[in-house]
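Number of protein chains: 2
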Amino acid sequence: MKTFDEQYGVYREAVEASFDVFLPQDPSSVLTESMRYSLLAGGKRIRPVLALAWCALCGGDTRAALPAAAAVEMIHTYSLIHDDLPCMDNDTLRRGRPTNHVIYGEAVALLAGSGLYDKAMETVLDFGAEYGLSDSQRLDSLKVLCSASGLEGILTGQVLDIKNSDVAVDRAYLERVNDLKTAAMLSASCVLGAVAAGADAETQARADAYGRAVGQAFQIRDDILDVISTPETLGKTPGKDSVENKTTFVDLLGMEGAQKEVLRLTEKALSLLDGFEKPSFLKELTERMCGREA
Amino acid sequence: MKTFDEQYGVYREAVEASFDVFLPQDPSSVLTESMRYSLLAGGKRIRPVLALAWCALCGGDTRAALPAAAAVEMIHTYSLIHDDLPCMDNDTLRRGRPTNHVIYGEAVALLAGSGLYDKAMETVLDFGAEYGLSDSQRLDSLKVLCSASGLEGILTGQVLDIKNSDVAVDRAYLERVNDLKTAAMLSASCVLGAVAAGADAETQARADAYGRAVGQAFQIRDDILDVISTPETLGKTPGKDSVENKTTFVDLLGMEGAQKEVLRLTEKALSLLDGFEKPSFLKELTERMCGREA
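Protein chains in written order, with this note's numbering: chain A, 44 to 337; chain B, 44 to 337.
Calculated directly from the structure, the hints in this document are not laboratory data.
Residues of chain A clear of chain B, computed beta-carbon distances all greater than 10 Å:
| no. | residue |
| --- | --- |
| 1 | Gly103 |
| 2 | Ala248 |
| 3 | Gly318 |
| 4 | Gly334 |
For lysine to any residue, the following SDA-like pairs were computed, each having C-alpha atoms within a straight-line distance of at most 25 Å:
| no. | chain 1 | residue 1 | chain 2 | residue 2 |
| --- | --- | --- | --- | --- |
| 5 | B | Lys186 | A | Ser177 |
| 6 | A | Lys326 | A | Ser314 |
| 7 | B | Lys206 | A | Tyr80 |
| 8 | B | Lys186 | A | Glu195 |
| 9 | B | Lys186 | A | Gly241 |
Here's a subset of chain A near chain B, in silico, CB distances under 8 Å, partners left out:
| no. | residue |
| --- | --- |
| 10 | Thr75 |
| 11 | Glu149 |
| 12 | Ala150 |
| 13 | Leu154 |
| 14 | Ser157 |
| 15 | Gly158 |
| 16 | Tyr160 |
| 17 | Met164 |
| 18 | Ser179 |
| 19 | Leu182 |
| 20 | Leu185 |
| 21 | Leu194 |
| 22 | Thr199 |
| 23 | Val202 |
| 24 | Ile205 |
This one's a predicted model, so the numbers in the text were calculated from it and none came from an experiment. C-beta: ideal position from N, C-alpha, C; glycine also.
Make a model of the complete structure from these sequences and hints.
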């Protein structure tokens, strides 16, 4: 029986090893180099780990979830590269390293982001069958990926987030932004794991609800960390929300209220894991995600 | 029996009408508005027309090619929006209108471009079955779209194009840039039509070869037009290549040599249409594409 940390390490290493298969370095391509620079920059790999863990939770072989798990990390990385561009958040530090455009220039960074999105789709298309997914599982997986990254997910979330400093922001608005910008991709990760395990629609819906709750908690936690962190503990520039005059959950509910809301959402997520045979890894993961070191 | 212009109009109108189905306006979404601003900006719709015409050439029902045809136009538009951004070509005029970022700002233009790529995939995923595509046809179509828009297509073409002014450019380099940047998506359009018609692999390969030849001819023609046009006839800023110190086919072969090369490629493309039952529309289209008004 592996400890939580050991199991997390197994999942994380499987995902990181898969990047050399799904996106190998082409020595003649600065584009591939730039894509890999950001994709291999570390990070907790929470989204792909969620995909593998949900696949296991639903009784599947985690190998079948590997292409989609890698794909969600590619899409997450693409959104970070574009988010960091000067015309967006204009960030120069990410995961403790210079952001993509600082190293490769804005034009290549723009193309590298798009390339990672493209490669995410191609990974499911090119490797899905080899890793054990049926045609309909591949189509379902692509649909989940597209929904979470498109108009019903990240992109609309980012537009609303840009407007955050211009409009009167209430709780419903912030919840919608967090759902689109963060929770959609976390829940997609869980659903992709369930799809790879061949889980039924009801179980997929439960994976979705779990991911939405964790995603909201995760984002509120992010708002809290933005207030109380240093660049060293956060790995990126803190205090941005305040500088950009963005309303956060901490503004709306106060620090204590925000922390209570994180707890409420954590309990909700945990309850959605009840009834599965082996929920312990995901229960521990839920608690750690929602109470990240501060 | 329709004339060429009548048939072109039928295809073009079918594609343009489909945009209201595949990407309807959401009154509350500036992102959708911005995506539709560029998608509905007109243009010749050559890529989707090629998809529908190749579907018909292979004996298919053109309705089955409509989602993929719309998808190639969305991807083409996405690449134009990103190409026009200040960090890329910094163009302010496209199809006679202000470019996307001039109207909506860089951040929304960036997201709108990504949104169109996402929506292209979703169109095949969401509407493919309804329009008569099997699961394997949908997967094949997505693979063709991803290849042409990713590392084996537009994105690498754009990186090489950016470097054009920094390196010693010879004919092989330019042919590679043109193949990746332009011909890949034109040939994808033809292959998608063949796939929608249920054509065999040999016919798909012929569609690909046809599209590659037309694409090379089309791009050399573009280089020629860049030298000899006015903003009014071209609908965008001419003379950019010279200002940006980019080597073109006109530089390498001279004006006459470039025109001869267009003719050679046109003949090659036409010969690939021999043996089909009703090639007349595509033969006429080939000649018009490669000899656009100048």
